[in-house]
Amino acid sequence: MPSDIASSLTTPKSPPAWRRGRLHLGEPALAWAIAAITLVPLAVVLLSLLEPQTDIWAHLGEYVLPRLLANTAWLIAGVAVGTLVLGVSLAWLTAVYDFPGRRHFAWMLALPLAMPAYVLAFVQIGLYDFTGPLQTLLRDWFGDSRWFPDIRARGGVILTLTFALYPYVYLLARNAFLTQGHRALEAAQSLGLSRRQGFWRVALPMARPWLVGGLTLALMECLADFGTVATFNYDTFTTAIYKAWFALFNLKAASQLASLLVLAVLALALFEQRVRGDKRYTAAGRGGQARPDRLAGWRSALAVVACLLVLALAFFVPLLQLLLWARSVAAEQLDLRYLGFVGRSLLLSASAALGLVLLAVGLAYAVRRRGDLASRLAARLATLGYAVPGTVLAVGVFIPIAWLDNRLMDAVRALGLGQPTQILQGTLAVMLLAYSARFLAVAFEPTQSAMQRITASQEEAAASMGLGRRAILRRIHLPMLRGGLFTAALMVFVDVMKEMPITLMTRPFGWDTLAVRVFEMTSEGQWEMAALPSLAIVLAGLVPVILLARETEKRS
Amino acid sequence: MKFRPLLLATVLAAALPALAEEVTVYSARIEALIKPLFDAFTRDTGVQVRFVTGQEGPLMERLKAEGANTPADILLTVDAGNLWQAEQQGLLKPIKSALLDANVPPHLRDPAGAWYGLSVRARTVFFNKNRVKPGELSTYEDLASPKWKNRLCLRTSKKVYNQSLVGTMIVRLGEAKTEQVVRGWVANLAADPFSDDTMMLKAMAAGQCDVGIANTYYFGRLVDKDPKLPIGVFWPNQQTSGVHVNISGAGVTRHAKNEKGAVKLLEWLSSEKAQRLYADQNMEYPVNPRVQPDPKVAAWGDFKHDYINVAKAGELQAAAVKLMDRAGYR
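As they're listed, the protein sequences go chains A and B.
Residue 1 is where the first sequence starts when you use the working numbering, and the numbers rise one by one after that.
Residue 1 is where the second sequence starts when you use the working numbering, and the numbers rise one by one after that.
Where hints are given, some of them may not hold.
[To be verified] Straight-line C-alpha distance at most 30 Å; calculated DSSO-like pairs for lysine-lysine:
id	chain 1	residue 1	chain 2	residue 2
1	B	K312	A	K252
2	A	K252	B	K257
3	B	K264	B	K96
4	B	K35	B	K93
[Stated by the list, open to error] Here are a few chain B residues that face chain A, going by a calculated C-beta distance under 8 Å:
id	residue
5	V52
6	P71
7	Q163
8	K177
9	S195
10	D196
11	D197
12	F303
13	Q317
14	A318
15	K322
It is worth saying that the hints were derived from the structure and are not from the lab.
The beta-carbon is built from N, C-alpha and C at its ideal position, and this holds for glycine as well.
The shape of chain A in the complex, shown without the other chains (with noise of 0.2 Å):
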């Protein structure tokens, strides 16, 4: 046993025993404080569960749910398929064959990610639908439309949600690909395996924490999602919560609705990890990259067609869509306001990004090393803030920060202090902890991914040159997990900036950004307006793309 052999090597060097039993102590304690941001809000939902609001739940459940769940289930099952196929060919595609334009497909099929769900949902709407261009130019042509498929029907949310969430399992998928190491693969061959057969057996077996942990990012999104579905008026799941909340005027069965969400969410991801045991995925042998094959004559020209295909429909199209929206009413729209959008969103999107960054690699670290049962729950919890819908979250993060601030200003008050009305609230702050309560998961993912593939023997060999465990985390871990924190910051900093409800919640006064500005157009339906501030949201999400580009042109 070779750890037998670096403990027993490693012992006479490893720091004194009050030290280790203080960190042994500290990491799961560690994980929990981190956990405690997700499940304080997350108690305030789950709580509701007490309180049965038996009328609603009888009418929701004779009228309403029956419909709802089938809606949800299709949705679901064709986001999976969709989003594992998109992400997971062209992860491959662009990782191990070379062909024209392969470099620049790799960071491009990333872009859409830059592109909100809610925003692409009224794209796609305008432009496919009865009185979009398309159909309009079929009636001229051929007098009718009627028989083109319906955009707003369940195949139209099904693509429109795969193209806005495939880049998850894309990005996750391609960092596999790229970390897993080429021996295993060579060795594959040299049994006699094909490179699709390689494919089928190796690569995607090793590339599993990554593929889930992408899925997992697009179901949890796709579940909470409501903008988009309430845009196709496509009922599932999140409608009922809505209608709870907003038609019914009960929270508390709207809360009940949402818990049952994160429960179910909750078993899904502890069944997975239960299935997936306590098999390694770290890296087969040294070496990096094979170079990747040259594809040839059709082959090649189909790789080109197909990456150039899906740019287009997920990204080109709609953006050139935007650009004319928002030309049309740029010249009584933007003005220097724009700039205090433009700058605010970016000032809470990267710092949302470096806060969470850190946290992921602190629960991930954690979960490491203690791999117990109480860490790893510990994580799981953290991330389920991400399966909420956005606005019932807001909530929830509302209302401990509220009670907070009330128990300070009663103190203020008492030592004669002032009298104010906000301490905490309207405070970045505030509203960085709340975006850490939704995004945990979007960082937490890549990072744990990463993380994976560190072998044990690596730290066991610095461990046997005296490195204690911070100068292990500082000097292995993290040069090591470049690639995972760099995908993690990027996907968070374009999910904050995307980020309506906690936004619109916990915003200091006349501290409007981006989506802020998309919420005030759409909720009046005037989607050529709401063009201009999507846009700037997706010009501005292009920024870590483009660094991502650099990123990942150093590793192939």
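Got chain A; can you put chain B on it based on the hints?
The following block gives chain B in isolation, referenced to the frame of chain A:
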């Protein structure tokens, strides 16, 4: 750490007592439609207005969570249902103001003074001028008749405007008859319900359907951009109950720190001078009967309102939602 000083500044700004008199508003009406009014109010009175926009539901939860410490003096929404609900949850404080009572007709405000309408939004029937003659139209209920089979477009039942419309129909017709009408509507649909009025009106113009129900200002915006839009306005139920109207309105919060300032702002908003701006901004109708609507809006013609108190819509909203669920109106 670039945001440190900023953070500090925000904390200080929040903790320091305001120097000038200030009214704080939580608004579900969007910034573009209220900021010009607040600016004019400040010019007139010297009172500053601080506001934050958002959705009604979360804004009400925010008021609730902040409790006695809330900085908000006024809650402003774009429909009566939410104001009624805010009043039910004890978030609003009834006020007495002879001026408001004189400026806002009784059916457009809370009888006890917890909230007041500030603009009127008419939800009426529209038709494609190439395919329908106004003479074929009569009432909301008539849109359920088989002659409109595959010719009707509706916005989703999840929008509060439709919930209010159906709520007032329940008052007039009773649950059973209303459900029959809604079932008739659903049977006549030419396309799945739309997520907003604009999308629906455009579909009507493109010929996807012939008749539909929408708020007039959405039509106003479209026709402003395209004067040749082949869509006409029809005022239904003129022989009977009148056109369904809703309001955008506001109330003073229970724990308002500057109640006097809040009342002053509401009174100012109902004044003739402000009413013109308030309604014209969004091509709505003024609540103050002494103020004429914008000429563009007036051109759509005079019509009889439904004089049922808009609060009823809030009271019956849940019943209306359940009824529409039963009738399969999505």
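Exercise for review: Against chain A, run the beta carbon of B:A318 and see if the smallest gap drops under 8 Å.
Suggested key: Holds, about 5 Å.
Practice item. Decide if the proposed pair is consistent with the structure: A:K252 and B:K257, CA atoms, cutoff 30 Å inclusive. Key: holds (29 Å)
Exercise for review: Against chain A, run the beta carbon of B:K177 and see if the smallest gap drops under 8 Å.
Suggested key: Status violated, d = 19 Å.
Check your understanding: Does the CB of B:D197 sit less than 8 Å away from some CB of chain A?
Key -> Holds, about 6 Å.
Review point. Does the nearest C-beta of chain A fall within a distance shorter than 8 Å of the C-beta of B:D196?
Key: Status holds, d = 3 Å.
Check your understanding: Has the given pair, B:K35 with B:K93, been kept, meaning a C-alpha gap of at most 30 Å?
Key -> This hinted pair holds, its Cα atoms lying about 24 Å apart.
**Study point:** Interface restraint verdict for B:Q163 against chain A (beta-carbon cut-off 8 Å)
**Key:** Where the cut-off is 8 Å and the nearest Cβ of chain A is about 6 Å from B:Q163, the hint holds.
Exercise for review: Could you check if B:F303 really has its C-beta closer than 8 Å to a C-beta on chain A?
Suggested key: With a minimum Cβ separation of about 23 Å from chain A (threshold 8 Å), the hint on B:F303 is violated.
Practice item. For the pair supplied as a hint, B:K312 and A:K252, confirm whether the alpha-carbon distance does not exceed 30 Å. Key: holds (24 Å)
Check your understanding: Hint check: is the beta carbon of B:Q317 less than 8 Å from a beta carbon of chain A?
Key -> holds (7 Å)
Review point. Holds or violated: is the Cβ of B:S195 closer than 8 Å to a Cβ in chain A?
Key: holds (5 Å)
Practice item. Go through the hint on B:V52 and say holds or violated, using the shortest Cβ distance to chain A against 8 Å. Key: Check passed: Cβ of B:V52 comes within 6 Å of chain A, closer than 8 Å.
Of the numbered hints listed earlier, those contradicted by the structure are 8, 12.
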